[in-house]
Each structure stands twice: as C-alpha cells, then as structure tokens.
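Protein chains in written order, with our numbering: chain A, 1 to 487; chain B, 488 to 1161.
It is worth saying that the hints were derived from the structure and are not from the lab.
Quantities reported herein were computed from a predicted structural model and do not represent experimental measurements.
One should not assume that every hint holds.
One side only, chain B facing chain A, incomplete, derived with CB under 8 angstroms [unchecked claim]:
#1 D509
#2 K767
#3 R769
#4 E1060
Simulated pairs of lysine to any residue, SDA-like, Cα-Cα distance not exceeding 20 angstroms [to be verified]:
#5 B/K850 / A/G318
#6 A/K446 / B/A639
#7 B/K859 / A/T320
#8 B/K954 / B/G970
#9 B/K776 / A/D145
#10 B/K767 / A/D145
#11 B/K522 / A/F339
#12 B/K767 / A/K243
#13 A/K243 / B/K954
#14 B/K861 / A/F314
#15 A/K446 / B/E799
For glycine and all other residues, C-beta sits at the position ideal for the given N, C-alpha and C.
Residue strings, one per chain:
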Amino acid sequence: MIPTFLGILVINFVVLRMQGQSLVDVAKSDSRSEGGGAGVERSIRSASKQYENHIDRFRRVGNDRPPLLNFQGFLDKDDILDWLRDTDPRSPLSDSRRNRREKDLWLVGPFAVGPLAEILADDALSVWHGPASQALALCAYATLDPRDFDRLPQDRIARLIGRNEILRNNIIDFRRDAEVGFAITDPDAGAKRQRLIDAVSAADNPEFHPGMAARWSAILFDTGFAVFTGNLFTGNLYSHSQKRYVFDIIGERWSVTVWINLIAVVLAWTGSIPLGIRSARRRGTLEDRVTTNGLFFLWSLPSFFVGALLLHHFCTDGATFTKAPFPNQGLSSQGSLWFGILRYLGDLLWHGFLPMLVLSYASFTALSRYMRANLLEQLNSDYARTAFAKGCTEDRVVYQHCLRNSLITMITLGSGLLGELFSGALIVEMLFSIPGLGLLMLEGAKAYDAPLIMGSTIISVGLLLIGILIADICYAVVDPRVRSRYA
Amino acid sequence: MEKLKIALLGLVAVLLLIQIIDRNREPEQMGELKKSLDRLSAELARGVTVTGPATGSADPGPGTGSRPANGSTTGAHTWPAAVPPRDGNPTIGVNFLLPYDRSWYDPTKVGGTLRSINSSPKSLNPLTDQSATSSDVHGLCSDSLCSRPPYAPEQWREELATSCVIEEDYTVYRFTIRDGIIWQRPTFAGSPGFEWLAADVPLTASDFAFTLDLIMDPAVDCPSIRNYYEDLESWQAIDDRTFEMRWKRKVYNSLSMSMGLQPTPRHVYGRNADGSEIAKDRLGATFNKHWFDERRAVIGVGAYILESFEPEQQMIFVRNPRYWGVADHFERREWKLNIKDPEAELTAFKNGQIQAFGLSPLKYKSEILDGKEKRFAPLDPKDPKAGRKGPFGWERFKAMSFTYLGWNMRRKPFDDRRVRQAMSHCFPKDRIIRDIYFGLGQPVLSDVHPDSQYYDHELKPYAFDPKKARALLAEAGWTDSDGDSLLDREIDGKRETFSFEIKYFANSPEWDNTLGIYRQELRKVGIDMTPKPYEWAELVRIYEDKDFHAVVGGWRMSWDIDYFQLWHSTQIEAQGSSNFCGFANARVDELADKLRTTFETDERIAIVKEIQGIIHEEQPYTFFKSGEGIFIWQNHPVAGEAVEPGRYLRDVAIGLDSFHPLSNRTNWFWHFAR
Chain A
1 MIPTFLGILV
11 INFVVLRMQG
21 QSLVDVAKSD
31 SRSEGGGAGV
41 ERSIRSASKQ
51 YENHIDRFRR
61 VGNDRPPLLN
71 FQGFLDKDDI
81 LDWLRDTDPR
91 SPLSDSRRNR
101 REKDLWLVGP
111 FAVGPLAEIL
121 ADDALSVWHG
131 PASQALALCA
141 YATLDPRDFD
151 RLPQDRIARL
161 IGRNEILRNN
171 IIDFRRDAEV
181 GFAITDPDAG
191 AKRQRLIDAV
201 SAADNPEFHP
211 GMAARWSAIL
221 FDTGFAVFTG
231 NLFTGNLYSH
241 SQKRYVFDII
251 GERWSVTVWI
261 NLIAVVLAWT
271 GSIPLGIRSA
281 RRRGTLEDRV
291 TTNGLFFLWS
301 LPSFFVGALL
311 LHHFCTDGAT
321 FTKAPFPNQG
331 LSSQGSLWFG
341 ILRYLGDLLW
351 HGFLPMLVLS
361 YASFTALSRY
371 MRANLLEQLN
381 SDYARTAFAK
391 GCTEDRVVYQ
401 HCLRNSLITM
411 ITLGSGLLGE
421 LFSGALIVEM
431 LFSIPGLGLL
441 MLEGAKAYDA
451 PLIMGSTIIS
461 VGLLLIGILI
471 ADICYAVVDP
481 RVRSRYA
Chain B
488 MEKLKIALLG
498 LVAVLLLIQI
508 IDRNREPEQM
518 GELKKSLDRL
528 SAELARGVTV
538 TGPATGSADP
548 GPGTGSRPAN
558 GSTTGAHTWP
568 AAVPPRDGNP
578 TIGVNFLLPY
588 DRSWYDPTKV
598 GGTLRSINSS
608 PKSLNPLTDQ
618 SATSSDVHGL
628 CSDSLCSRPP
638 YAPEQWREEL
648 ATSCVIEEDY
658 TVYRFTIRDG
668 IIWQRPTFAG
678 SPGFEWLAAD
688 VPLTASDFAF
698 TLDLIMDPAV
708 DCPSIRNYYE
718 DLESWQAIDD
728 RTFEMRWKRK
738 VYNSLSMSMG
748 LQPTPRHVYG
758 RNADGSEIAK
768 DRLGATFNKH
778 WFDERRAVIG
788 VGAYILESFE
798 PEQQMIFVRN
808 PRYWGVADHF
818 ERREWKLNIK
828 DPEAELTAFK
838 NGQIQAFGLS
848 PLKYKSEILD
858 GKEKRFAPLD
868 PKDPKAGRKG
878 PFGWERFKAM
888 SFTYLGWNMR
898 RKPFDDRRVR
908 QAMSHCFPKD
918 RIIRDIYFGL
928 GQPVLSDVHP
938 DSQYYDHELK
948 PYAFDPKKAR
958 ALLAEAGWTD
968 SDGDSLLDRE
978 IDGKRETFSF
988 EIKYFANSPE
998 WDNTLGIYRQ
1008 ELRKVGIDMT
1018 PKPYEWAELV
1028 RIYEDKDFHA
1038 VVGGWRMSWD
1048 IDYFQLWHST
1058 QIEAQGSSNF
1068 CGFANARVDE
1078 LADKLRTTFE
1088 TDERIAIVKE
1098 IQGIIHEEQP
1108 YTFFKSGEGI
1118 FIWQNHPVAG
1128 EAVEPGRYLR
1138 DVAIGLDSFH
1148 PLSNRTNWFW
1158 HFAR
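Using the sequences plus the hints, can you model the full thing?
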C-alpha cells in the first residue's frame, strides 16, 4: 500500500509539475485579472519587471528546483556561459524559448552564484557582464519570511537585508541588440561589478560556495519533489493562489462535500441493493424490464443536464411554479445555526435533496444492475439449486444463502467510496452553489495552483487506498473461504 | 421480539446521530456569538447605536451647502457646470480638480440591502492582492486622493484631497488632504488583546506616505504596482494635511499613479498584533503575511465598513456612519460569493436574491432575444431603451475593450499596406456583429473607444467592399493568372497563390463563426484563408514568437492613452512585446514619445487623433468591435404582484442616462422604494 501511495505521489507531482507555470507566465499573468474569463482580452500594460517577488513565490513552494533530480550543484562557469549564450538575441532559439531560458537561470539560486561571480571576474567575458550581473543579483537574492525574523540571529538578518540591497542596486545596465547581442550601457559598470563580486565572496557567504557533500546531497534532497513531500507531511503545503495553507482550506470545506456525498452514497446503496434483489427475483417479468429500461434511461442522462433542468424547474421562481419549491443555493438557510435541531435537519434535507438526487441517480442504475447480475449468478449456481431442492423458501435461499456471496462484488465496488467522499462533485457544487472540494479543485486548476490540487488529490488517493484495505477486510467477513485461508 | 430489538437499536442510533450533529454546531454557534459580541463592543466603544439610521452621512461635510441638493427622481440628472480652471483637466500651478459633488444624494432614500454576486477574494491585503474582487472591496471601503467621476471619467475630481497642485513641469504633485476624516475601526477593535485599536485615528498625509513606503519596498509582494512607480523619485508628508510626490521625469503615467493613490492605515499595518511597532527593516517581509490580513479584516476611510466575511459564502458591508462624503443610498450591501455557475446566477436573479448583474451573451440570446423569460421586455430594434419597461430591466453596457485581427507586417503578403487595407475591405464587420454577436458590440476603427473624447470621428471606415479589395490587391500585384479562381503573384521568382492561416483562440464559438464568414468572403475575392484554433497558452507563445501570418486578439483599454507599448518601433524587438505585428512608423514613434510627456488635454487629443489617422491608413490590425454586455436589474413587480420590500430598484435609468457611456453601471442613484 505504501509503495503504491508513493508511486501515485510521484506521478501526481510530475504531471502537475509539467503543466506548471514558468516564471515568464507568472510575471505576465500578474495583472489585475483573475484568469480573465476566456482570457481573450489582455490589458495593455507592460509585463512586470520586479522578478524578486516572483522568485519568492517559486521558492516558497519548491518550484524553483528541478522536479526529481537536482544536478545544478555541478554547474560550472562554462555551463553557465553556455546558458547565457542561449539568451543572446542572436541565438537561434525562438523568442519564447530564450525568454524562458533566461528566467530559468534566475531560478537556479545559490548554486549558480559562484560560476556567475567567476564570469563577472573574467575581463575577457565582459560582453556577458550585463546579463550575468542581473542573474547573479536574482540568484543570490535571499528570500526572507516573517518567520525567519524570529528564527535567524539578528546580525544575520541585517546582513542578508544589506546584501539584498547591494545586489539590487548594482545590476549593470545593458540593452539587447539584434546585431551585437548584449551591449553594456552603464558608465558605472566596473565599480558595480566589483561590488557584486565582493557581496557574494566566499569568505562571508558559505551558502554560495557549497562543498561536495552539499552538491551530492542536493541531487535527491534539494529537489521540487523533496520540498513538496516535506511540505505535505509537515502540513506546510502552501497555496499561493488562495494565499493560505492547503490543509486549512480543505479543513474548512470538506464537511460540506462529505455531507452531500455521504447522503448520496447511502441513498444510492440502500436504494439500489433492494432494487437489484427485487429485479433479480422477478427476472424476465414486465416489472424487471420496466425498471431495467427506466434505470438505463436515467443513466444515459448526463448529470449536468438533469441538474440544470431541476434547477430551472424546481428552484426558479416563475419558471414552472410561481414560487419555487426548492432553494437554489447553498446547503442551509440563513440563520439556520440557531434553528432547533429537527428544523435544522429538515432545512439541510430540503436544501440537499436535489443535489443528492443528481449525485445519486446515475450510480443507482449501475449499482442495482451489478446487484441483479450477481444475485442471478448465485441463484443459478448449484448450491442454490440444492437449497431449493431441499425445500427452502425463496426468501431463505436469497437472503441466507446467496446474498452474502453476491455482496463480494459490491464490496469491491464499495472500496472506492471512501475516496469518492472527498473527491467533490463539481457539477452539483457549481449548479447548486455549494462551496465544496469540487469547486476548490476547479479554482486550483484554473490558477495553476499545483499544491492545492495535489493536496486534495493526495487525500482522495490516501482514502481510496484505505478503502481498498477495508474492502479486503470485509471480504474476510462475508466470505468464510477467505477467512479460512488466513486462519 | 427480534424485530423490536432491531427497531429500538435503530432508534437509539438515529437519536445519537442527531445529538452528534447538534453538538457539532456548538463551536460554530459560539464563534458566531463571539463575533457579534465583538461587533457590539466595538460599536459601543465607538458610541454609536448599532441599528440607528445612518444620519451621519447625511450631515453635510466641509465644502457642501454651496450647491442646492438636486432631488430629481425622474429624467436625466444635470451636473453642476464646471467653472474653469477647475475643469478636471491637469493644469500647472492651480487646483484643477472638479469639486466633490453631493447633489445627487437624497437622505430620504437611504435604506435597504443591495445584494450582488462576486467571487471570493483570496486575501484582503490592499497591495499584495491584485484580484478584481479585492479591488472592489477597497473601492467600497476606501477612497483615493482623487477620482474619475462617472459623469466625466476622463477628468479628475477631488476626493480625499481637496486640492491638487502640479508644479515644476508636471513632476511635482502637492495634495491637500481633507480635514476631519477618521479611519474606520476594525470589527474586532476593543475585544481582548485589541483594546489598542479602539480609538479614533485621523487620516493624515503620513498614511499616504506609508502606502508608498510599502509599494517601493522590494520585499513587499506587489511587483506589478511597483512597476508603475518606477519613475517616482521621492514622496513625503510635509505636514498632516500636505502630501507631496516628486517624479524623476515628466511622464503622463505619473498623473493617474499620483491621483489614484489610496491610503494604507499606518496604525494597523505598521504594528504587530499586540500593538507594538514593526521595525522598519522587516516591515516589507511582515507585510506580505500580516496578522491583520489573517483576521480577514479590512479598514479604510470609505463609505462602507466590512462587517463580515465568510470565504466562499458571503461578504456583508454596512454603511459607515462617520463617512466624510456622500455614500450610495443602501444601508447594507451583501455579496454572494458561492454562486459560480451562469445558470445558478440567473436563478438567483430570478428569485430576487440579487438585484443586478451582467448577463452573458449566450444567456442574452436565450432569455431575452428568444423570449424564454417573459419578465424581460423583448428587444425593440427602434428603441434602445426598450429593456427598461419589463419587470426585469435590461440594457446594453459598454466595456473598455476591443478585438481585432492582426497582420504580421514582417511577412509577405502583409508587408504591403494595400493588402492589409484590402483585408479590411473584405471583413463584413456589421453583419458579423449583428448575426454572431447579437448586436453586442460597436464597430471600432482604432484602439480608442468611440465614446472617448480622444476618438477621431473623422476616420472613414473600411466599408465592406470586395470590389475595392480586388482593385487594391491587383494594384499590389495579386491577380488570378492561372484561372484557378485564387489570386497569385510572383514572389522571388516563384508563383505563389494567396493563401494563409489565421490563428485564434480555441473554444470560442463566436470566433469560429466570425472567421467562417470571413473565410467565405475572402474566398469570393480569391484568397484562401484557413482558421486555425489554439489553446490560450499556445497562442500567448505565438504572440511572443511573432509566429503567425495573421492572428486574432483583444485588448482592454485604459483611460490613460498610451501608444508606446502597442505601436512604438522600439517595442518590435523587446522581449514579450505587444507590438507583435511589427508596426514601425517614424512619425508614430515621435508622437507616441511626445504623448507620454504631454499633459494638456487639447494637445493630447490632437496627438492621439494624428496617430489614429496613421494607424488607420496603415491597418496593422483590422479593428473589429468593442466589448459590450447586458446589464439586468430588478425593475418592478409583475402586474398584480405585491411589492416585495427591498427587491426592486428605483432610478437605475437616471444613472444609465446621465453617466458617461463607458461608466454607466455605477449605482449612485439606485435605491429601494420606502
């Protein structure tokens, strides 16, 4: 179970990381809009140039580091120089690739500082001093969290703030030119260069000159995945789109989703098992055929369609009824907190009835058909025939002999339930305006908020695995053969 | 007996469950109780009764009384004639601000709760959260130094500043802050631990300086705002009432950046939760995760106080009884934060749970044009105000945006102006707007909205005229020489047929249809165009790499007209530039540079008009249409239905008629019947 969980964790992480935004995207999208509807209109404004803040956001969630293996510790002067060459306006790369290469270099952080300082110190490479100084300032820039002020010694904080200040003010001005590449336009270039080199010198800044141990351990332990799992297991997963910790948000929202899902599941199972039994016992009769066809008809209706229909006809004033019989939003009325308990439950039921109906009708069909098929199989088996032959009543054969056996498949189906409870019901939540986990996931996806999505999927996955475990135990309960094997 | 046992057991289980659910509500109930107690004690500390009428705001503040209150409830409102030099247009050395207007306000109309939909803000921090909702919140709770009044959004009006004097060739702005403005108190002020917040704090110039201290601190996570203040040299509170901003150079952008500055409460954001001062060097990093934001609180000096905020549920604002100015007529405002689906929005509107909102074009088609909802008055092509008659009112509103088809001027055949002009002549703009956009949108000829004072009405549209297009193409060398009904031309010794791809957004049925029609029209002229849809992220890459012959796009416009980013030749090679069509024109460069340092309105208009003329002639874009939407509101009950108190809005039409068309949704006049 644990290897499966870890495997899913890795896949989940890699998939989301592949779709994640780059520094370029983040800087561009940082305008006064929330996704901007269809994203059709962009506002006329220049992209933000204040990259330090953007880099902060990347560092906080570990998105600045390579996903699974980090070999950046072994970058040397030549590698960085090649990297800088890619960002040259004359390089054969397309504009977007060049732009991305340049920003990726800024994200490398402390490992790139040493080589960049070497480039700056080398007079023969003066063409690159402009972009190198910019990259150096951003790589060496120290992110300070409010917590750091309590954690780190005062003189160190003062030094970091001072160093940030020096780095910021000593970037050598340069311009890009399609003919000559980078051209330095700064009259003060020499002095600035020296100040930058001094600011990151080995004597005061051991973090920029890591030893071999640090480089090797970084391969596995200074990766995006390591940061992510660390945050996950310490509960520090931070969602930058919601500006809060992921588990706090989920903690606030799960109850709503679990409540409607739970009732829907109970409704579906308590309804469909008896229905399946009934139609198995009346196999081939008119009743069986009517229920089967009726259920398949229901099954074929997509839930967003049924939901919209119900919303329009039963929740909208003046559509079918002058006064709508059901509420159109939320799970409780205003002030329901102070209702008496019975009225409170009634109110919940009144609000939840249509959402639960939409959630459960489809699984109703599937479950009852499974039940029917399984029971039929058991009823046709030898032991059932024997039971009939020895004169048992039909009730006795069905409930005493066959039901338990036919439940085995149902348990398999039920193993997914626990995970399902947490996975949200997007369409129902949208239509009936219920702020649950489904909507949370949607928002997270829209904002490319990987920690948020991973946080909630990991919970579902964990619960799914636990569900499978419980199902395995239940097999033993209903099936004596399984029990005897391990007894 | 067996069955009885099971039944009893079941009963006990159900009772137990009920008990558990009931117990579970207790912490929430206690929390709610505590919140209302906090609120109550804060109100008591302030010495104001909780439910008393908001007479405070009816009290005329400084500067009123000079003009009689205009209580007209019908017909268009007339605004006070501006007396020069206070005409709202920037002028050196004098206070040019339009006076603060209180004439529309009528204390007898105050009351009721206005309910609307919004999305849930992630944070309420005034600087680090840049979402639209967050700025809506600060719009209600706070004011800025000066503002753009809805009846004249291209001019400036006094607000927190009673005067603004610009000096030294438009590089120094000196504001006089209005006297007697008091900061709102947070709802939890006075509760244990927060006694230090329960005091009246006056607004002073230092609160504005504090805002800029924060914005300019590189540690504060507001890079996009800081970008705008790049040219700011210094700022200081000269005394409590005087605030000065000094810019490094004369740049037009500095005007709105200076005038639009909102104050940040120094007495809250400059302190820790225990009331102690935050050291200056750690202010920036602390501000990003400030304790005040974690309490989901916001305070300002504005017309409404945020009373409660339940994320994804609702936000409630109440009138600020000590507001210095005149507020809208509503006692309370509620924002529903849980409604996300267009279907659910419409249902909430029809059930009267929200009073006004914007209808999507598709819903406009089904509900109004197809007559699905009888409470909307049907469209009357002769009367643009026909929508005001029904029980649900509806009217079109204009948005500051436009869409276009862009031609890559670096590549053949679009490097030829005549070809681009011909492309514009083949585009049946009016027909497409009518048939595909249901008439929502106004054809545009440039990147200035036709309702702006900067728009050049002399521009002659490129009428739909395939014959003329064919002539222009022939002039450019495109003829059908081989009789395959497609135009062709010799390029570099090879005969090329005129065929190209146009790239556009996937999942946009409107664009699918628009380009479908355009394709047919071009085919008749002898051009083979293939529309090719792309996902948004990919399209952004295409813009950046200039990897297209033709592309569609849209821009949001701003009141501060600037031609640098879109049309300046230095922007062609700039990284991630917006001049991806490769437009370069020496005269436009010169004018765009000049526009950036010109403040006099008349001169600006002349420059903008000249640039529009050049761009119109060059046609780097085939400009398409401006954005438009449908605004709906609760108008009046259906005949025979009883009036539901607090449901139907009055005087919406006055605002629609008397405000500038580009700001017509402002709710100044709205109120409920008493």
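Hint check:
1. D509: At 5 angstroms from the nearest chain A Cβ, B/D509 passes the 8 angstroms test, so the hint holds.
2. K767: 11 angstroms, violated
3. R769: Constraint on B/R769 satisfied, holds at 5 angstroms.
4. E1060: Holds: closest Cβ of chain A sits about 6 angstroms from B/E1060, inside 8 angstroms.
5. B/K850 / A/G318: 17 angstroms, holds
6. A/K446 / B/A639: Judged against 20 angstroms, a Cα distance of about 36 angstroms means the pair is violated.
7. B/K859 / A/T320: 12 angstroms, holds
8. B/K954 / B/G970: Holds. B/K954 to B/G970 sits at ~18 angstroms (cutoff 20 angstroms).
9. B/K776 / A/D145: Within the cut-off at roughly 9 angstroms; holds.
10. B/K767 / A/D145: 15 angstroms, holds
11. B/K522 / A/F339: 18 angstroms, holds
12. B/K767 / A/K243: Measuring from Cα to Cα gives roughly 24 angstroms; hence the hint is violated.
13. A/K243 / B/K954: 58 angstroms, violated
14. B/K861 / A/F314: 18 angstroms, holds
15. A/K446 / B/E799: Holds - the C-alpha atoms of B/E799 and A/K446 are around 16 angstroms apart, at most 20 angstroms.
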